[in-house]
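Chemist: Chain by chain, the residues run as shown.
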Amino acid sequence: MPKILLSALLFFSLLGNIAIAQTMTVTGTVVSVEDGLPLPGVNVVIKGTTSGTVTDIDGKYNIQVDSNQSLVFSFVGFETQEALIGNRSVIDITLLIDAKTLGEVVVVGFGTITKGDLTGNIASVKGAEIANIPVPNFQEALQGRMAGVFVESNSGKLGEGVKIRVRGTTSISGGNEPLYIIDGLPITSGGAIGDFNPLADINFNDIESFEVLKDASAAAIYGARASNGVVLITTKSGAKGKTKFNVGVQRGVSSPTRKREFLNSSEFIELMREAGYNNDLRNGIDPINNPADFEGSDLEFVEGRLDRYSGWSDWRTLETETDWQEQAFNPDAGVTNVNFSASGGDEKTKFYFSTAYDKQDGIIIRNDFERISTRLNLDHKVSAIFNFGVNLGFSRVRNNRLSDDNQFNNPIQLVALAPITPIRDLEGMLYDRPTTTYYNNLIDSENAQWLNTSFRNISNIYGEIQITKDLRFKSEFGVDVMNQNQEQFFGSRTNSGLSTNGFARSSWLRIFNYNTNNFFTYTKAIGTKHNIDAIGGMQFQKSEDNFTSVEGQEFPLDELRTLASAAEITGGTSTLTNFTFLSYFARVNYKFNNKFLATFSARADGSSRFGDNNKWGFFPAASAGWVLSEESFLKGNETLSLLKLRASYGLTGNAEIGDFDHLGLFGTSSYGLIPGLTPTQIPNPNLTWEKTEQFNIGIEFGIIRDRITGEIDYYDKSTRDLLLNVPVPATSGFNVQRQNIGRMQNYGFEFILNGAVVSKENFNWNASINFARNINRVRELAPGQESIPPESSRSLNGIFIGESIGVFYGPKFAGADAENGDALYYSNADMTETTNDINNAERMVVGDPNPQFIGGITNNFSFGNFDMNFLFQGVFGNDIYDGGGGFFAANGDWFDNSTRDQMARWQNPGDITMIPQARLGECNGCQASSRYLSDGSYVRLRTLTIGYSIPNNLISKMKISSARFYLIGQNLLTFTNYKGWDPEVNADFSASNVSQGNDFYSAPQARTISLGLNVGF
Amino acid sequence: MKKYIIIGLLGLVTVFSSCNDELFLTPFQSIDQDLALSNDANVKSVLIGAYAEMRSVSLYGGRLQLYSEMLGANGEIRWEGTFNQPREMFNKSIVVNNSFVEGTWAAAYRVINVSNNVLASLEVVDEEDRDRVKGEALFLRGSMYFELIKLYGLPYVAGNLSTNLGVPIVLTPTRGINEESFVSRNTVAEVYAQVLSDLTEAEPLLPPTNGFFANSYVTAAQLSRVYLQMERFADARDAANRAILLSEANGKRLVTNFMDAFNTNGDSPEDLFAIQVNTQDPDNDMFTFYSLPEFGARDGDVAILTNHLNGYESNDDRLTQFFTGAGELRTAKWRDQFKNVKVIRLTEMYLTRAEANFRENTAIGATPLVDINRIRARVILPAKTSLTLGEILKERRLELAHEGHIIHDVKRVRGSINDNTGSDVFPFDSPRMVFPIPQREMDANPNLVQNPGY
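Sequence order for the protein chains is A and B. Sequential numbering of the first sequence, starting at 1, is according to the numbering used here. Sequential numbering of the second sequence, starting at 10001, is according to the numbering used here.
There may be inaccurate statements among the hints.
[Stated by the list, open to error] Straight line, CA to CA, 20 Å or less: simulated SDA-like cross-link-like pairs of lysine to any residue:
{"#": "1", "chain 1": "A", "residue 1": "K615", "chain 2": "B", "residue 2": "G10075"}
{"#": "2", "chain 1": "A", "residue 1": "K615", "chain 2": "B", "residue 2": "C10019"}
{"#": "3", "chain 1": "A", "residue 1": "K474", "chain 2": "A", "residue 2": "G536"}
{"#": "4", "chain 1": "B", "residue 1": "K10092", "chain 2": "A", "residue 2": "T243"}
{"#": "5", "chain 1": "A", "residue 1": "K959", "chain 2": "A", "residue 2": "N290"}
{"#": "6", "chain 1": "B", "residue 1": "K10092", "chain 2": "A", "residue 2": "D822"}
{"#": "7", "chain 1": "B", "residue 1": "K10044", "chain 2": "A", "residue 2": "R282"}
{"#": "8", "chain 1": "B", "residue 1": "K10092", "chain 2": "A", "residue 2": "R282"}
[Said to hold, decoys possible] From the derived model, a few chain A residues whose C-beta atoms are all more than 10 Å from chain B:
{"#": "9", "residue": "K240"}
{"#": "10", "residue": "S499"}
{"#": "11", "residue": "E842"}
No wet-lab data here; the hints were simulated from the structure. For glycine and all other residues, C-beta sits at the position ideal for the given N, C-alpha and C.
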């Protein structure tokens, strides 16, 4: 026996040796599993090399290969297969249909479903698609990748809010952000101190997939909180097998996407002197030609100011030429990322572990962002019927923050300072007022700090028991603890601390949010034709928000910055608020013969936020699908390989209002340090959810064996019982009452097309296009109410029945009067008459901040070991109101430095220009009007990645399984007609549902180019 | 198996039915309105709440004074700030959605509503304090209607009292929004009648001293202002005289050095009524707009022009208030941070009594000459031996300059205001020196009629 074994071993080893040496011809036929017909054009590649061939019209191939090599057969729409040659000379292959399109698993509320069985509308992005993008939060990384999901950052300031609208804006006074759920836990996504974005705490390299539930069928399982869409975030988990390690590093540089052009010293002096002199001429004096008129003239006043603003230097000789805008930007901006992950497991236990360091040095001075995060996800199978797991995520974010856009210490407001002003005096100290026109906020760089630190723990545990073959029960408990601390110090030289020897504020916030989901899942196939998949259960969530803040002044030294050193504590507060949701839900998916699909879901929600008369709400939804390509007349058709129709209808709610809006309340106040009470709120015991009815109809198709796939959806969302802050006569002592009143509609379509454009041996090109049109219309307000006009005289956003929310409403600017340079406005709706008195101007809708279309085009290329992908993202048809224009584009109205276009001001009778005559302090056209409105459409090369993977044969010797170098560029190109800093903007201090599309000294986005390396082993 | 499921479900239902109680939460920073008005202590707290509203920057916390100065600038001061709301007043071209105009309207009616709440809950107030509480609430309400009518309606002296529109009169607390909430404007005559009714009822109810809250002499002083606007000089004289006698009896007097009357911690001896400002409650918009960065204010939004200085006699001690800062002339009356906002100073009462005595040819309390020379002596100016009405009004203008009196005095004496740059002259009854009814209010309440010229 041993002898036989030995000979056998020898024989095989000999065979092996021979095989290595032997090059042979292998032939075969490739057929499809579906119909057994031959497949032409299939790629046949020798594994680990770039050589190969393609099957002919009869599906046959012929290739020279070594016997120890493998062949890889790949074809669009089919699963790739590998075959070891061995001693075979004929290898026939049957390719299996790639289940990727139809069989792709999509996460839905409280479960998963295969894409083919889906009857709702869900956008899905895999974490891998956005890994390594150098932005601080996943929201920005998702921009342009999902149809109908609009993403906009307020500005290029790091750590700040990002606006997301799923299929438009549904609410006027309530929240419009989607509900975010990580691994079943609704997380805290707002309410942080300042404009800090709580979602920036999340390291998105840990995310397996993002799913956005858009239609009622998909979202109604989240009932009263689903009207704005639901973002389901699933973190990565381990897989059975060898432990895989991955190490990544990335380093890059950032710069602003654009700068504006401001006047230089000589232009500034020319414009300001002209502004004063024009006033003098209009007042009947001529200080230039009659020196006697100079004293007391506006020209004298201007020159006095120029003397003051030029400090030690002489404006007459243009001694100083300061580019203040340049001072606002950080020349050393960039990104650094280091991450490590390990995942693996065995039959019983699987794990995923990661840790990462992200650092971004902002393009604006005094602004950076640093995140350290770690995650451990663990699943353990105790027995055939019981498993449990835990997901632990921790992070710390340190964010050096900036004031809001409407503060003198917003770095961008440095542009208001005069170019004739030197930055520093002759002693080297930074100049401040009165030499600078306004506060020189560079002083903040030397004499202040504003640090935000956030500790976040988003974790959950679960247990799942298989009760019978068909029935499972899962119980989840999750916590989201957000601890945020903001330490602000403004030294004795700063604007805020000047008169008080410094000012400091320390604020602490803890939001403790816990949630439990307990639900049954029932899956049953009855016979061969009926499939039932059902869930039912309950959810309870409670969130507690605890805020404390102390402020003080009178510091002995600017180096002592904590409040312990403040001689005078001037303020302090602590507040507590909370809310709860208790919900019961159920859903049934039914599939008949793989052709007919139906889903019914229902949820009942109760919340502390609603009035006693309306504590509970009920939110049902239903949907149906018909897979036509499974019908006999289409089955097996390769040209139209998939055709599915689906429709859904359902009811969702919006509960994003204040925690106690239904009560009649008196709040605390004080006078002369004596406490008092004042009415703060009128009661409304009937207050209840906003209800959104949504209808969706869609078609999914696949052409040429799903080589091209697409989806087209039409939807109509109608929201009623709007949670509206209805303006009431202020003579009542109140300005608004929260009522359920009014209607809003969003309707539109979404279009998605994915295609494998080229699929050759060594060259693959996949493209994906998404495109969406949303039309938002305010349909009804309070009885008799036609509009909610702009709230402030510096803004134009208003609400009008029949228009989109937040349309720009105000006087229509008509340019400068050719005769006298007066700013003109149209005084009638037909725009045939003009007036120079803005109070007589016809107020009308002059623009719309809501985009008409949004879209994105992604292209992925792979060429041998190189890969490239790029995303163009676009927003079209929206307008932007440049609110700073009233100061820096006001034809020399005051001493703020102006943008260069103001030099085209009216000067002589007959001049045809849009820039009125320069008149100091007379506001000749500086008020809010369409003058400062312009088209904000843009197309942006959002992300470009070029990668090179080192061939396996080179790295396998180093025990490395993969190594890829890449270059990634973010916001490399922007195409827009907008003349401001950046068309992606929404000034943070005013941003609201209504106040959209405003630019106000807002920071541009960062353009980042970085190099990275990922190594797996 | 089924049994386990049922037991499991029952168990869950038991555990989570307790969650149902969690749906009824109450806030931590506020209390229910019924509770707030349920007992003596709470109603008194609500009264404090009315003062807290009244002290806001939109009212006596600075803007009422600022508006007067902006409307009455008359080439003597210049608005240089970036805020367009005061600038529109300065230029007499106010936009209907001027947010200051809107804010003041709303704030005044908040005070009125809180006062109405107090007045409707007097029965739970302890008997011994009831008069005082009632008097203070009436003082607050009357004062607010007085400030509103001066800004949002044509002046009393413009006549047509029963047709010129004033502001809506609301005398009951708001418990909900219903048809009655959509009020109409009352006439100028009706609003003045309400002001007089509230203040005259309040005066005898109030004690002579009441901390820094309203008392009987403050109410008398406020009444003297109302009567002056109405040209009821004898009543103005008597009210001013009552304010003087009672306040002097309680320690009020002119401070020796003129500038010591300003930037004081707490009330100075000559403050009859001032808004209490401290580091906890720091808002003072006269400081914010008049002072300079080195004192913690904005950039010096108001400059004093030489035109204004020309009015003073050369040795006038009041000239010491002017200093150069941020390249312009400034007044130090509002220089320092965290200082009380003066609303009524004792000097005003002397000036009112002098003017009214002069006009009525009487000498109640003192002769006009005595009162005027009292003011002049304090600022080291020689005593006058004879007086004209013009001299009295000029003394008033200089003594009370930059304190929010100017436009109301110009209007009641049927004066006029020169445009700041052009040659326009705005007569006392010019609609452009009357605020518009805020656009927001016009939109929220279709029963309102806009002022002429808007």
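Chemist: Checking each numbered hint in turn, tell me which of them this model violates, lowest number first.
Modeler: 1, 4, 5, 7 and 10
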